[in-house]
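Top line first, the protein sequences correspond to chains A and B.
Number 324 in my numbering belongs to position 324 of the first sequence; there are no gaps in the numbering.
Number 385 in my numbering belongs to position 385 of the second sequence; there are no gaps in the numbering.
Note that these hints are calculated values from the structure, not bench results.
For each residue, glycine too, the CB sits at the ideal point set by N, CA and C.
There could be a bad hint or two in this list.
[What the hints assert, rightly or not] Here are the simulated distance ranges between beta carbons:
#1 Asp374/B x Glu239/A: 53 to 61 Å
#2 Glu82/B x Gly549/A: 33 to 41 Å
#3 Glu82/B x Thr603/A: 17 to 25 Å
#4 Tyr181/A x Gly478/B: 50 to 58 Å
#5 Gln419/B x Glu648/A: 39 to 47 Å
#6 Phe427/A x Asp579/B: 30 to 38 Å
#7 Glu643/A x Glu81/B: 45 to 53 Å
#8 Asp579/B x Glu239/A: 35 to 43 Å
#9 Gly627/A x Ser232/B: 31 to 39 Å
#10 Thr603/A x Gly167/B: 14 to 22 Å
#11 Leu560/B x Glu643/A: 51 to 59 Å
#12 Ser636/A x Gln419/B: 34 to 42 Å
#13 Tyr181/A x Glu82/B: 36 to 44 Å
[What the hints assert, rightly or not] List time: in silico SDA-like cross-link candidates among lysine to any residue, alpha-carbon distance up to 20 Å:
#14 Lys476/B x Thr245/A
#15 Lys444/A x Pro125/B
#16 Lys476/B x Tyr241/A
#17 Lys240/A x Lys476/B
#18 Lys240/A x Gly24/B
#19 Lys543/A x His144/B
#20 Lys240/A x Asn445/B
#21 Lys202/A x Thr595/B
#22 Lys338/B x Trp52/A
#23 Lys53/B x Val80/B
#24 Lys118/B x Thr264/A
#25 Lys267/A x Glu352/B
#26 Lys338/B x Gln63/A
#27 Lys118/B x Trp52/A
#28 Lys543/A x Asn445/B
#29 Lys618/B x Asn3/B
#30 Lys202/A x Pro599/B
#31 Lys240/A x Ile448/B
#32 Lys543/A x Asn146/B
#33 Lys202/A x Leu598/B
#34 Lys476/B x Trp52/A
#35 Lys240/A x Pro454/B
#36 Lys476/B x Ile238/A
#37 Lys476/B x Gln63/A
#38 Lys118/B x Lys240/A
#39 Lys240/A x Gly478/B
#40 Lys240/A x Ser472/B
Take a look at the letters that make up each chain.
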Amino acid sequence: MSTEEFDPSRWDGRDLPYIPGEFSDPDGVALHDDYDADIDPVTYEVVRHSLWNINREAGETIQNLAVSPIALITRDFQTGILTESAEFVFFGQYLQYFSGTMDIFTKWIMENRAEDPGIEPGDMFLHNDPTVGTPHQPDVALVAPVFHEEKVFAWVSNLIHQNDVGGTVPGSFCPNAVDTYWDPPSIPPIKIVEGGEISTEKEDLYRRQSRTPQNLSMDLRAGIAANERAKGRIEELIEKYGATTVKGVMRRLNDSGQESIKETLSKIPDGTWRERAYQERSMTGDDGVYPLELTLTKEGDELTFSNEGTSEQAGAINQPFAAWRGTILSAANVLLQPEQMGATGGLVRQLNFRPEPRTITAPDHTAAVSPSGIYSNQVSLSMANSVISKMMLSSQDEEIRNGAMTPTSAQWQCHIGDGFTDDGEYFLAPMTNCMMGSTGATPKRDGRFANGHMWIPEARGPNTEEYEQSWPILYLYVKEHGDTGGAGERRGGNGGKICYTMHGGEMELGVYTTDAIPKTPGLFGGYPGSRGETVVLQDSDVKDRFAAGELPTDITEIDGENVETVGKGPAIELDDDGITEWWWAGCSGYGDPAHRDPELVATDVRQGGVTVETAESVYGVVLTDDGDVDGEATESRREALFEQRLDEATTVDDIVAGDEAVEAGGGD
Amino acid sequence: MTNIVCAVDIGGTFTDCVLIDEDGEVATAKSLSTHGEGAAKGFFNSIDAAAAKFGYQDGDVYDDLVRIAHGTTVATNTVVEEGGATTGLLTTRGFEDTATIMRGVGRATGEPPENVFKIAEIDKPQPIVPRELTIGIPERIDKHGNVVVPLDEETTRAAVRELADAGVEAIAITLLWSFYNPTHEERVKAIVEEEAPDVYVSVSHEISPSLGEYERTVATAINAKVGPVTASYIGSTERSLQEEYDFHEPFLMMQANGGNTPASLAAETPLTLIGSGPVGGLSGCRRLIEERNEPNIIATDMGGTSFEFGLIQDGEPLVEDEPVIQKYQYSMPKLDIKSIGAGGGSIAWLDEDSHGLRVGPESAGADPGPACYDRGGTEPTVTDANLILGYIDPEVQFGENMTPRMDLARDAVGSLGEQLDLTVEETAKGIFDIINAKMANLMENEVIGRGFDPRDFTVVSYGGAGPLHAASYADKLGIDTVIVPGAVSPVWSAYGISQSDLRHQLERQVAMPEPFDVGELQSLYDELEAEGRELLEAADVPEDKMRFNRVATMQFQGQLHDLEISVPGGELTDDVMEDVVARFEEQYEQRYSATARLPAAELEIVTIRSEPQGVVEKFERAKTPLGDADPPESARKPSRDVFVGGDRGTIEVDVYDGTALQPGNELAGPSVIDMPDTGIVVQDAQRVSVNEYHDFELKL
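When you get a sec, could you build the whole thing from the sequences and use the hints?
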């Protein structure tokens, strides 16, 4: 990271989040930095591919051994290999925003743990401290040095999202957190493995906070096994090819990644691109609105990201700096250099981050951040997706423009319940159906319903039978939610909706998602993505309907007592006949929907992706009774749309005058 | 009059036949595959051609055949080419989108790792069943198998009629939790048979009785799509055998699980045939194990576009539970065969950013093929590199009258070399080394990743390009023996099919936590074995040839990944189960280290499986006593320049004609053995011997 004009010295991971400064040999730990600059192309490729393979094998180890349902099903974990000075070498295809954290916390460990308690072969550090660098407390990191000849040669690391690490709400996303003292405990890096042995006392301390401690111990072992495997394989590589060769490959991989991103950036004009989005309700009981800003400035071959204009830190909607950085890296990695297969080190060198302290996206250590995985990380991903895509769309290079995508959903809709099964067993139910996801549009292609998410390239959703097997619920439907993809010349992918009812046992819904406004910005006149909602009916007649042989396919067909939900609302205990529908959102659109090919709109309607009403009101496409395009009616409808827009258009002056009026009135 | 076993393996280009008589004499033949309506023609042509080598004519060989085992790609190709029957899907109301949602991971499933980050580029596949031909019917069963909403038969009947009116040729039925309680599915099937008797029906609890409605729906829908075409192919072939050739002995089909099944059963569950193509070769290796008494084999097959390999550990091939085809994942045990884009046609290219040499995954395939094929390909490929290095005989004929052109190979590889500042030979050697490293990495990942030591394995290499590379990739894994099958090598897969037993897999989801209910397990295995016995009896397997293997898949509670543990036959007791648990723990620690196991973690049995097998009669390959170590003069060919790299550059090496080498012959590297469709490169300090089966054994 460039440190010009930016003084990271007070960003020391104590009060403000840690941002490493110029990083040279830290005291107390010797770094192996000899490398061979002259490696033949064949050896280079053989070692490069092996390093990639090692990182992948570490990821597979986690998938095989871990038990945290969120980590396993959504691939909410990550593995990485870093150089001796904590530059990325390879970063896996799992959750992308962990990329903002691994290099940072590894540097923190070198600066803060080298002299006491020391960094030795066979050691492994655990931490979940957002101020040092995790996206939120449930994302628990493990990092281990790889030694060669008594010097640190490289680091191997992984993060796994844990089922529950404590805090006020089961599942450890705490929307009611006033500050970090309501959040799960943050543990700065501790030596959990020393000389190859797990420290029982530290494991006990770590487990004690959790509602599901056995899960933590299982996943701890999964993470240790993954790091051990990667470490062992790197040692074998050194033995086979020599340390300076392996290190030379790491250097060249990063240098070439850097050259590659510079080359891409050389085809994009300099400029500044901005996005503004809003968070609503900072915590349970609040009803405020909080602007977030992201500015991307491209100058030559460097990109600088600033959050200037973002609200002061508030309630539980904050995002650790490392996570904010990670969300930007995610979008950059996937959109700007997908061909690099996760070799992220070169890219990182070209990016600068300029956070304003004590804001929502760079809060100090007192701020609550535990629900960031649901709220703030998603808004930032969406905003980063937006500014980087806008920048790419400013290029004259068609290939770069075609790689741009409209923003991913700015909210991770989910339900997390906990309770007891009929057998009296405690359960925690993080429902991640939203991982079926939706993708944004590109200039050449519509977005897609249930196409995963851009920020976890291999994410997947659950089977209904898997969730029903685990928890006392019964699903009524899981389906596409028409009209929820942002309209556009290329439309965003639709979101989905899910409905379930209680089926034995008891459950309290501690976390659920309801948005008042859509937050996912569209591009070039495309409409925004949709919002999520949770509908709850208590004492419903659903069981009677079942008995009568009916299977309702929409919650509006069911009678019951409606419980109003709001974002970050209090926990709701579902009664025996309780039923709930919740939505996951669609992505935004690209370009003016009134320019969409009418035939495509007719197909959308036929396939249920768009309703007849939206076809006419938003796309200006009129269909015949048979569902075919009525050409003449469409033409005149579109003309009327354009005229209506001109009539209703406002100027910047009108808007400024409006804002002043609001301020004068004292409202917000 | 002699007894002969016949196997026919249909591939994309050639149909291979192998005949083995009771003395172990083998006749092989390759004939061109035929497709479409006349698909069976290639089948009969290949048998005639092989039979002619035994001196038969006019179809009289059929009198001596004791069984015909057959591998076909008809089902696989139907899916890959997105063809097959127009299929409708009946599912639980509210879950009509299951097959199109694909759990959200349809885009990435089965993509090579190079593509996984390319979100804006790669896409989901076409729907496996069009949404408009998917109808939800009111019914619901819960996880205990209890009926929550009874089946609405009237609506079901109307839905079937609607699909029939829409012209469907097949209907797939997948209802939630049907594998615990199949009554609704059975009733829906009966209604389909009443309302649309000509439609092919595929029902999920019969095809894939396992948890996970997405994977079960895919299995059932694919079975329906390929059902009519496969059933018709199998039916017409079987009729021809009976009516035209008066053949009434067992006619078996090769399945992806590594076993054969009677053709009539295969027509009902053609899904089991999908992916059976590469399995024949693995079955051949399993037979090799019996011949050689070696328990662990890595079976490798390198062709024009891909490198495929499977593991046999302790005599048993490893199994995968959720194979993928065309980005669709389904549940069905299948021999685990991994594949990457690494073959003779793999293209070498320059990564401009790192100034590195890269190879694959893009392939020039067969058309245009490598530059040296002179069919318009200009990009340098692995085959071009092998030719330049002297590994391939420059005078060889590929297929019909095609001799590779060295000048074109040198042009293609040379222009890449110029950009890298390497000579033509150095570039070619680089291509050779990189493709070998990629294959070695893939194998290492699987072998070490499963907790095995590669040094405990022997590599078997077949397929056109394999033996040229085998010594090199095996060496990287520290393996000391490579076997290249001799005379039967060109039809190795057909040979494997001929040697495969009848094999079925029956399983139940149990999700049973510790402490295990031994009585419950016993009665479940008894039920499965009774079912299996019926299958074997229907195929006329005599009692003394029946085998019933038991398997339990186990994991620690909460994990999604399980390990397969074999369970002894006979009466289950607490002691027996304690031993099963001990073996699970041992495997777990072997694979993931002792630190990875939490002693307090609780175990569960996920599924239990019975594998009924009918052991078929196999004829031993004939052995020839070992003769002289010195190769006969007739096996010597003129020496050739081979580039070995390093200080020595190009050197002249001995070249042998593999078909003329005799059992007992031994030769040392560096040398090259030319063979009809491939060749063996013997490096410095390596030795090759020809064993009594005419197989080549390389010692590294």
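Consistency of the hints with the structure:
1. Asp374/B x Glu239/A: 53 to 61 Å: 44 Å, violated
2. Glu82/B x Gly549/A: 33 to 41 Å: 38 Å, holds
3. Glu82/B x Thr603/A: 17 to 25 Å: Distance hint for Glu82/B, Thr603/A holds at roughly 19 Å.
4. Tyr181/A x Gly478/B: 50 to 58 Å: Between Tyr181/A and Gly478/B, where Cβ atoms are some 55 Å apart, the hint holds.
5. Gln419/B x Glu648/A: 39 to 47 Å: At roughly 59 Å between Cβ atoms, Glu648/A and Gln419/B fall outside 39 to 47 Å, so the hint is violated.
6. Phe427/A x Asp579/B: 30 to 38 Å: At 32 Å between Cβs, range holds.
7. Glu643/A x Glu81/B: 45 to 53 Å: 50 Å, holds
8. Asp579/B x Glu239/A: 35 to 43 Å: 38 Å, holds
9. Gly627/A x Ser232/B: 31 to 39 Å: At roughly 36 Å between Cβ atoms, Ser232/B and Gly627/A fall inside 31 to 39 Å, so the hint holds.
10. Thr603/A x Gly167/B: 14 to 22 Å: 21 Å, holds
11. Leu560/B x Glu643/A: 51 to 59 Å: 57 Å, holds
12. Ser636/A x Gln419/B: 34 to 42 Å: 59 Å, violated
13. Tyr181/A x Glu82/B: 36 to 44 Å: 58 Å, violated
14. Lys476/B x Thr245/A: With Cα atoms ~18 Å apart, Lys476/B and Thr245/A stay inside 20 Å; holds.
15. Lys444/A x Pro125/B: With Cα atoms ~17 Å apart, Lys444/A and Pro125/B stay inside 20 Å; holds.
16. Lys476/B x Tyr241/A: 12 Å, holds
17. Lys240/A x Lys476/B: Cα-Cα ~10 Å, so holds.
18. Lys240/A x Gly24/B: 45 Å, violated
19. Lys543/A x His144/B: Cα-Cα ~17 Å, so holds.
20. Lys240/A x Asn445/B: 17 Å, holds
21. Lys202/A x Thr595/B: The hint holds at about 16 Å.
22. Lys338/B x Trp52/A: Holds: Lys338/B and Trp52/A sit about 18 Å apart, inside 20 Å.
23. Lys53/B x Val80/B: 35 Å, violated
24. Lys118/B x Thr264/A: 16 Å, holds
25. Lys267/A x Glu352/B: With a Cα-Cα distance of about 16 Å, the restraint between Lys267/A and Glu352/B holds, given a limit of 20 Å.
26. Lys338/B x Gln63/A: With a Cα-Cα distance of about 18 Å, the restraint between Lys338/B and Gln63/A holds, given a limit of 20 Å.
27. Lys118/B x Trp52/A: 17 Å, holds
28. Lys543/A x Asn445/B: Distance of about 51 Å is beyond 20 Å: violated.
29. Lys618/B x Asn3/B: 11 Å, holds
30. Lys202/A x Pro599/B: 17 Å, holds
31. Lys240/A x Ile448/B: Roughly 17 Å between the alpha carbons, so the hint for Lys240/A and Ile448/B holds.
32. Lys543/A x Asn146/B: Between Lys543/A and Asn146/B the Cα gap is close to 14 Å, so the pair holds against 20 Å.
33. Lys202/A x Leu598/B: 15 Å, holds
34. Lys476/B x Trp52/A: Distance ~17 Å between Lys476/B and Trp52/A Cα, so the pair holds.
35. Lys240/A x Pro454/B: 16 Å, holds
36. Lys476/B x Ile238/A: 14 Å, holds
37. Lys476/B x Gln63/A: Between Lys476/B and Gln63/A the Cα gap is close to 27 Å, so the pair fails against 20 Å, i.e. violated.
38. Lys118/B x Lys240/A: 33 Å, violated
39. Lys240/A x Gly478/B: Holds: Lys240/A and Gly478/B sit about 12 Å apart, inside 20 Å.
40. Lys240/A x Ser472/B: 15 Å, holds
This entry does not satisfy hints 1, 5, 12, 13, 18, 23, 28, 37, 38, going by the numbered hints stated previously.
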